[in-house]
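Engineer: Single-letter residue listing:
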Amino acid sequence: MKQNNNKAHKFGMVIDLDKCTGCGSCMVSCMSENNVPFKEDESNKKDSITWMSVYKLTNGKSFPDTQIVYMPRPCQHCGGKGDHGHSPCVSVCPAVATDYGYDTGIVSQIYTRCFGCRYCMGACPYHARYFNWWDPKWPEGMENYLSPDVSPRMRGVVEKCSFCYHRYQAARDIAYYEGRDDIEEHEYQTACTTACPAGAIVFGDLNNPAHQVHQIVKPDPHPDPRNKHVVGKSRNPKVFRLLERLGTNPKIYYLSEREWVRKAGDNYLDGEWDKIKNYHGATLSND
Amino acid sequence: MSEIENKTENGSTESAGEGTTGDTKDDKGLGLGVIFFIVAFVVCFLSGTLLFPKLLYSKKEQPFNFDHALHVDEAGDCDSCHSFREDGSFTGIPKLDTCLDCHSEEALGETEDEAVFVEEYVLEEKEVPWYVYSRQPDCVFFSHAAHTQTAGMDCVTCHGHIGESTSLKPYEENRITGYSRDIWGKNIFGIKKNSWDRMKMDDCAECHKEETGHKGYCFQCHK
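Chains as they are written, first to last, in my numbering: chain A, 1 to 287; chain B, 1 to 223.
Keep in mind that the hints were calculated from the coordinates and are not lab data. Since the structure is predicted, the reported quantities are computational estimates derived from the model, not experimental observations. Worth double-checking, as some hints may not be accurate.
Each computed DSS-like pair below joins lysine-lysine, with the alpha-carbon atoms no more than 25 Å apart [as the list claims (entries may be wrong)]:
| no. | chain 1 | residue 1 | chain 2 | residue 2 |
| --- | --- | --- | --- | --- |
| 1 | B | 60 | B | 95 |
| 2 | A | 7 | B | 60 |
| 3 | B | 95 | A | 7 |
| 4 | A | 238 | A | 19 |
In silico contact screen, one side only, chain B against chain A (beta carbon under 10 Å); selected entries [claimed, not checked]:
| no. | residue |
| --- | --- |
| 5 | 49 |
| 6 | 53 |
| 7 | 139 |
| 8 | 143 |
| 9 | 144 |
| 10 | 146 |
| 11 | 216 |
| 12 | 222 |
Take a look, some chain B residues computed to stay more than 12 Å from chain A by CB distance [claimed, not checked]:
| no. | residue |
| --- | --- |
| 13 | 43 |
| 14 | 140 |
| 15 | 148 |
| 16 | 151 |
| 17 | 168 |
| 18 | 201 |
| 19 | 214 |
By construction, the Cβ of each residue, glycine as well, lies at the ideal position given by its N, Cα and C atoms.
Bound-form chain A, shown alone (with noise of 0.2 Å):
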């Protein structure tokens, strides 16, 4: 039987928060696209649902001198320790309802086999996960406008991004029918990307040179000498990823030119940030 034998894929994202605006149309995207449930309150984060999520940062100075970073934070997708597929939440999760594909690199979430028992919740160090207290509710109608692609979730079950999975099958679909062996990249976008007014957002495989966001992230496939753990840093000088020491290897990438919003992207201790900003991965490392 003939079988896809290509190498993996590892499907990640870059966000140059430098163009990001804050506008929010991908977390309203994102929204409509997945079937995500709204809430009467949705100021109420105890309660409300977003698997794209827009955080505000400051560098904390006074005007005229305020500077304000917004932060689109999507499911993080890691790979875990040395990126051996250990996510956090994967690793967690006592009833195998969310794995890791090594096939694509995207941590998935099953709705039907979840219990609700929130451990990944608590060992997500991104917030990315989301419990549902209550059964979704449409407005009179809105059912019909409802995703097929996507399956609806029921009270007491975790939700999060699934980089739209959907998306990824429908392209594998038309390329089977078409009896071609790969997708290609403007096939598979996710909807956050595809609606970023500012361009922001950059999707596509961190194993493809071909693909842009290899371009930009340049990942560097050997472990970081200073950390083993830490797995495809970005050789780029401005990109970085979240609380990327923690050895989680997100698949999410940051770009700024401005150093501030890159020392945002970690807890650093006094003096830590100097002896690492300069640190961009072992092969282009200047010390």
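Mind docking chain B on chain A? Use the hints.
Structural biologist: For chain B alone, kept in the frame of chain A given last:
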């Protein structure tokens, strides 16, 4: 002999007598128990196999009978009606438009079923509300293109010899889950003789394991 001795003597004989009668009673009880167990087992077993499926599944008749064999003779292979769209997705049960490629307001044959079809659906321009035996739960993603186009599987492997049937069986719906009985399979014990007998997650995983060496990651079949 004192009263007390009398009493103890009587008591001991009484107790001995009770002991012997007690033994025979116990044997009787054991025999009855075995019979009761067998009877209860048979009753439970029969109600489990005969009555339980009737309780669990409700039967629904299709809107009218459809003769697959006749259509295969007239129209050709499965894919003359069950085809792919240009985006690689599968059409499944054909819509009225597909039927109207051949059918019209005048009946082609003389069957009562076609008369119902023409009168109630063609003339009314209404889609036929077929019950789909093979419909999977909402959380399942299935790519026909991957299986039939790329892996080269036959329709029969999963759907059985439905193309040779002349009548539609009643649709049986699980009262609890709302799923078709074809997912669990006709056999209430879940015993499977043919590859198309049931279509649960284990059956998908079993074939994936055999053919690709891996059961697949969750998102391969879930959405």
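Engineer: Report the numbers of all earlier hints that the structure fails to satisfy, in ascending order.
Structural biologist: 2, 3, 5, 6, 14, 15, 16, 18, 19
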